[in-house]
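**Q** Chains as they are written, first to last, in our numbering: chain A, 137 to 360; chain B, 137 to 360; chain C, 1343 to 1569; chain D, 1343 to 1569.
Treat the hints as calculated values from the structure; they're not laboratory data.
Where hints are given, some of them may not hold.
Simulated DEER-style distance windows between Cβ atoms [to be verified]:
| hint | chain 1 | residue 1 | chain 2 | residue 2 | range |
| --- | --- | --- | --- | --- | --- |
| 1 | A | Pro-170 | D | Ile-1481 | 28 to 38 Å |
| 2 | B | Thr-348 | D | Thr-1388 | 52 to 62 Å |
| 3 | B | His-150 | D | Ile-1481 | 51 to 61 Å |
| 4 | C | Glu-1474 | D | Ile-1383 | 46 to 56 Å |
| 5 | D | Gly-1475 | C | Thr-1388 | 30 to 40 Å |
| 6 | C | Trp-1427 | B | Asp-187 | 23 to 33 Å |
| 7 | C | Glu-1480 | B | Asp-303 | 32 to 42 Å |
| 8 | A | Lys-291 | D | Ile-1481 | 16 to 26 Å |
Residues from chain C that face chain D, not an exhaustive set, calculated with beta carbons under 7 Å [to be verified]:
| hint | residue |
| --- | --- |
| 9 | Gly-1460 |
| 10 | Phe-1462 |
| 11 | Gly-1542 |
On the chain B side, residues computed to face chain D include the following (Cβ under 8 Å) [as the list claims (entries may be wrong)]:
| hint | residue |
| --- | --- |
| 12 | Gly-172 |
| 13 | Ala-173 |
| 14 | Gly-192 |
| 15 | Gly-205 |
| 16 | Gly-207 |
| 17 | Glu-229 |
| 18 | Tyr-235 |
| 19 | Ala-243 |
| 20 | Arg-246 |
| 21 | Gly-248 |
| 22 | Asp-251 |
| 23 | Pro-274 |
| 24 | Gly-289 |
Cβ atoms here follow ideal geometry from the backbone N, Cα and C, with glycine treated the same way.
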Amino acid sequence: MSRPRLDASTVVEHLDRGPLDRVELARLVARDIPDGAYVNLGIGQPTLVADHLRPGSGVTLHTENGMLGMGPEARGDEVDPDLVNAGKIPVTEVPGAAYFHHADSFAMMRGGHLDVCVLGAYQVSYAGDLANWHTGRPGAIPAVGGAMDLAIGAKDVVVMMTLFGKDGAPKLVPACTYPLTGVQCVSRVHTDVATFHVTPAGVAVVETFGMTAAEILSRLTPGD
Amino acid sequence: MSRPRLDASTVVEHLDRGPLDRVELARLVARDIPDGAYVNLGIGQPTLVADHLRPGSGVTLHTENGMLGMGPEARGDEVDPDLVNAGKIPVTEVPGAAYFHHADSFAMMRGGHLDVCVLGAYQVSYAGDLANWHTGRPGAIPAVGGAMDLAIGAKDVVVMMTLFGKDGAPKLVPACTYPLTGVQCVSRVHTDVATFHVTPAGVAVVETFGMTAAEILSRLTPGD
Amino acid sequence: MRAQVTGDPAAAVAEVHDGDVVMIGGFGDAGMPVALIDALIAQGATDLTVVCNNAGGGDHGLAALLAARRVRRIICSYPRQVDSWVFDGLYRDGDIELELIPQGTLAERMRAAGAGIGGFFCPTGVGTPLTEGREVREIDGRTYVLELPLRGDVALVGAHRADRAGNLVYRKTARNFGPVMATAAERTIVQVSEVVELGGIDPETVVTPGIYVDTILDLSLAEAVAR
Amino acid sequence: MRAQVTGDPAAAVAEVHDGDVVMIGGFGDAGMPVALIDALIAQGATDLTVVCNNAGGGDHGLAALLAARRVRRIICSYPRQVDSWVFDGLYRDGDIELELIPQGTLAERMRAAGAGIGGFFCPTGVGTPLTEGREVREIDGRTYVLELPLRGDVALVGAHRADRAGNLVYRKTARNFGPVMATAAERTIVQVSEVVELGGIDPETVVTPGIYVDTILDLSLAEAVAR
Chain A
137 MSRPRLDAST VVEHLDRGPL DRVELARLVA RDIPDGAYVN LGIGQPTLVA DHLRPGSGVT
197 LHTENGMLGM GPEARGDEVD PDLVNAGKIP VTEVPGAAYF HHADSFAMMR GGHLDVCVLG
257 AYQVSYAGDL ANWHTGRPGA IPAVGGAMDL AIGAKDVVVM MTLFGKDGAP KLVPACTYPL
317 TGVQCVSRVH TDVATFHVTP AGVAVVETFG MTAAEILSRL TPGD
Chain B
137 MSRPRLDAST VVEHLDRGPL DRVELARLVA RDIPDGAYVN LGIGQPTLVA DHLRPGSGVT
197 LHTENGMLGM GPEARGDEVD PDLVNAGKIP VTEVPGAAYF HHADSFAMMR GGHLDVCVLG
257 AYQVSYAGDL ANWHTGRPGA IPAVGGAMDL AIGAKDVVVM MTLFGKDGAP KLVPACTYPL
317 TGVQCVSRVH TDVATFHVTP AGVAVVETFG MTAAEILSRL TPGD
Chain C
1343 MRAQVTGDPA AAVAEVHDGD VVMIGGFGDA GMPVALIDAL IAQGATDLTV VCNNAGGGDH
1403 GLAALLAARR VRRIICSYPR QVDSWVFDGL YRDGDIELEL IPQGTLAERM RAAGAGIGGF
1463 FCPTGVGTPL TEGREVREID GRTYVLELPL RGDVALVGAH RADRAGNLVY RKTARNFGPV
1523 MATAAERTIV QVSEVVELGG IDPETVVTPG IYVDTILDLS LAEAVAR
Chain D
1343 MRAQVTGDPA AAVAEVHDGD VVMIGGFGDA GMPVALIDAL IAQGATDLTV VCNNAGGGDH
1403 GLAALLAARR VRRIICSYPR QVDSWVFDGL YRDGDIELEL IPQGTLAERM RAAGAGIGGF
1463 FCPTGVGTPL TEGREVREID GRTYVLELPL RGDVALVGAH RADRAGNLVY RKTARNFGPV
1523 MATAAERTIV QVSEVVELGG IDPETVVTPG IYVDTILDLS LAEAVAR
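Let the sequences and hints guide you as you build the complete structure.
**A** Dropping the structure here:
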């Protein structure tokens, strides 16, 4: 598999600032979602993206437990135990919503009808392989949910993560060491310090935050 | 394949009368449909069976174009072009009806959820093979509709036909010469002169009308 | 992307191309999108493959499309009707190809296309001429034939009502193939008697979610335009 | 055969047997048929295989069934939750078997069982540990894995309302697995908040047609009995 590729002709470096915080990252991901798109936001950090969709963007949120037109998290009297998102958190419905059962919901996902899904990740490989469901650690109880269906189903699979783990290890890797969720499925990786596009030729850095593309590349491939 | 078998211990011969007419045949088929059954009645003669279901029997009629709880043919103001049966004839709905789309309707059929379907036939073999969709004649335009789905789907596939064609040829045959609709799928054959059960051992005559079982058998197997 | 609403039948079908696979809803006349078919005839796309349960009746709708000689091949379960004289004539003259598929397999192959299923083992038609020469497999003591997804470039669907999110409800047995075709085609064009505001369709009762709908021809607008 | 209505939870689950495959609806607590599960615990059937998206949370419903040690094996997509301590403990102690299936494949395998499909080629999980060693096939340039139907002896489903024909409607995302499990099980037992007369549910809005329903526990009757 090819190394991460630096396409200097298109990279935009934001060096007058530090890395993106979680909110800024969510805002950036939201910015790249086209108006009118049908979008699934994964459990956890991707959920934050919903707060940054432009009102009037016409983006429709899908939740895999059977709904299009999901609204914000439910508060107070809005809480209805029959209306939850994929993380089992009470949510609301927007006008124009639709409910459907699980086989229909996953037919929609598997059939390639969602425009975008945003997922967290443990690792993404240069080829766009995704690992986000299982650490593989002994004693860890595995749980996959809808992660594999989203990974192979959405037209655009967007990953949101920090580029480096707490131990400094890159999460964008030549080959995933964690158990895979999907093969060659990721199209875009948004991280705190850089945005990458996954192309058939490899991974291209397209935007950086607080670091130069050269610095990022050298930290990603320290052995070179 | 075994010859039609005559089980003399169970056959009931009605010799004080002639063959069943179409209405009597429909009544007989209706008599054998259990209370509460979900039933699909094929296009043509089988449709007559509906008129003879006992009120209060709780039988629910299915039509493969997407409905359970089909009522009688629509008359006058009842006619609604959006509410037709499998023969495209305007029908009515009964209280407790349900509509569904074609994939769901045929999932119901293929999945073995219908208790009974009643079909016409060109031929039925001793093994229960059914031929009812195509004469195979040169120039004939073939059309299969839902016949093959019903043949393999319903728990009980009941055939309704005259036992002999206009030319006197038996329609219950050692092997179908017409193109097959389904293999070993028929469980019961109701004809104007006899009722047959199809068992793994062959075909058993269980009731006759206006002819003895022996006469029927000799007409079915003239060469013996 | 969000469905577009138009009152102009010509605009609704503008993007149908020569050689397209066009799925057309309806069971007989129930659910047949006649306004869209008429617009397609006027639009002129030809060399089409049509997927429809029937092959048209009388001289209207699908029969008119066939009569205009725009259809090279038809994939259906039941072409023969008392009033299918247009199809019958073309077929007998060798002017149209016919692929006959059992009705449930037709529906399920389209469902598979919409649901991202690569193929499925189906018990229907095993041992009959309609599955001759195809791959079979015994699973759990029963014999099945492998069926592949059936995809469309365009679906023309007749529904009852839409909301502005593209959610659809149908009427009675006019529902039939519309919902499954909407999932199986690259682009789904629907005709409805009216388009209501968001919130005008109970989310519990939506049959086709808006995600499957690209263009909606609002017949109430079309009539206003025509007047 | 027509659905039977009862107000007696014990009667509703009387025919669940040791060793049965029991499908249990719900996504977390939404749609979980707690009254039926409680009745099943009281009934005593054991050595069960449970099919459910989750493995129970807190100490109620499915978690209580697990705690009562009635479940030998669970087939699910997402056992791990913040409050799945009952399952976690059993699993770590080796007291329950776990078969993990991607959520959509779980749903589709049940749909296949209900729809008479012998198997299907699915793109989900290809190249991952969850499909290791399984039959794969390339179709039209994409790789798929063969998935087989998943059948149940019994399904326990939580719906919202039934009519006397057994037609069901659900509420919001509590719909989830109920409709597909109802098709996949030999016997489907449903709990609803009320049973209405024939005609009380609009035929256009039925989600699960009565043909899939065998027994209905009417919770409004059950409460009356309890009082």
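**Q** With 8 Å as the cut and Cβ atoms as the points, is B:Gly-205 at the interface with chain D?
**A** The hint holds - B:Gly-205 has a Cβ within 8 Å of chain D, the shortest such distance being about 7 Å.
**Q** Starting from the hint 46 to 56 Å, judge whether the C-beta atoms of C:Glu-1474 and D:Ile-1383 obey it.
**A** holds, 53 Å
**Q** Does C:Gly-1460 pass the interface hint, meaning its C-beta sits closer than 7 Å to a C-beta of chain D?
**A** Status holds, d = 4 Å.
**Q** Should the hint that B:Pro-274 touches chain D count as held when the rule is a Cβ pair under 8 Å?
**A** violated, 34 Å
**Q** Can you verify the interface hint for B:Ala-243: is its Cβ closer than 8 Å to any Cβ in chain D?
**A** Constraint on B:Ala-243 satisfied, holds at 4 Å.
**Q** Regarding the hint that B:Ala-173 lies at the interface with chain D, is the smallest CB-CB distance below 8 Å?
**A** Since chain D brings a Cβ to about 7 Å from B:Ala-173, closer than 8 Å, the hint holds.
**Q** Let's test the interface hint: is any C-beta of chain D closer than 8 Å to that of B:Gly-192?
**A** Check failed: Cβ of B:Gly-192 comes no nearer than 12 Å to chain D, outside 8 Å.
**Q** If I claimed the Cβ atoms of C:Trp-1427 and B:Asp-187 lie 23 to 33 Å apart, would that claim hold in this structure?
**A** holds, 32 Å
**Q** Falls inside 52 to 62 Å, the C-beta gap from B:Thr-348 to D:Thr-1388?
**A** holds, 57 Å
**Q** Per the CB criterion, is C:Phe-1462 less than 7 Å away from chain D?
**A** Since chain D brings a Cβ to about 4 Å from C:Phe-1462, closer than 7 Å, the hint holds.
**Q** Answer holds if the nearest beta-carbon of chain D is closer than 8 Å to that of B:Gly-207; otherwise answer violated.
**A** violated, 11 Å
**Q** Would the hint on B:Asp-251 stand, with a C-beta cut-off of 8 Å toward chain D?
**A** holds, 7 Å
In summary, the numbered hints that this structure violates are 5, 11, 14, 16 and 23.
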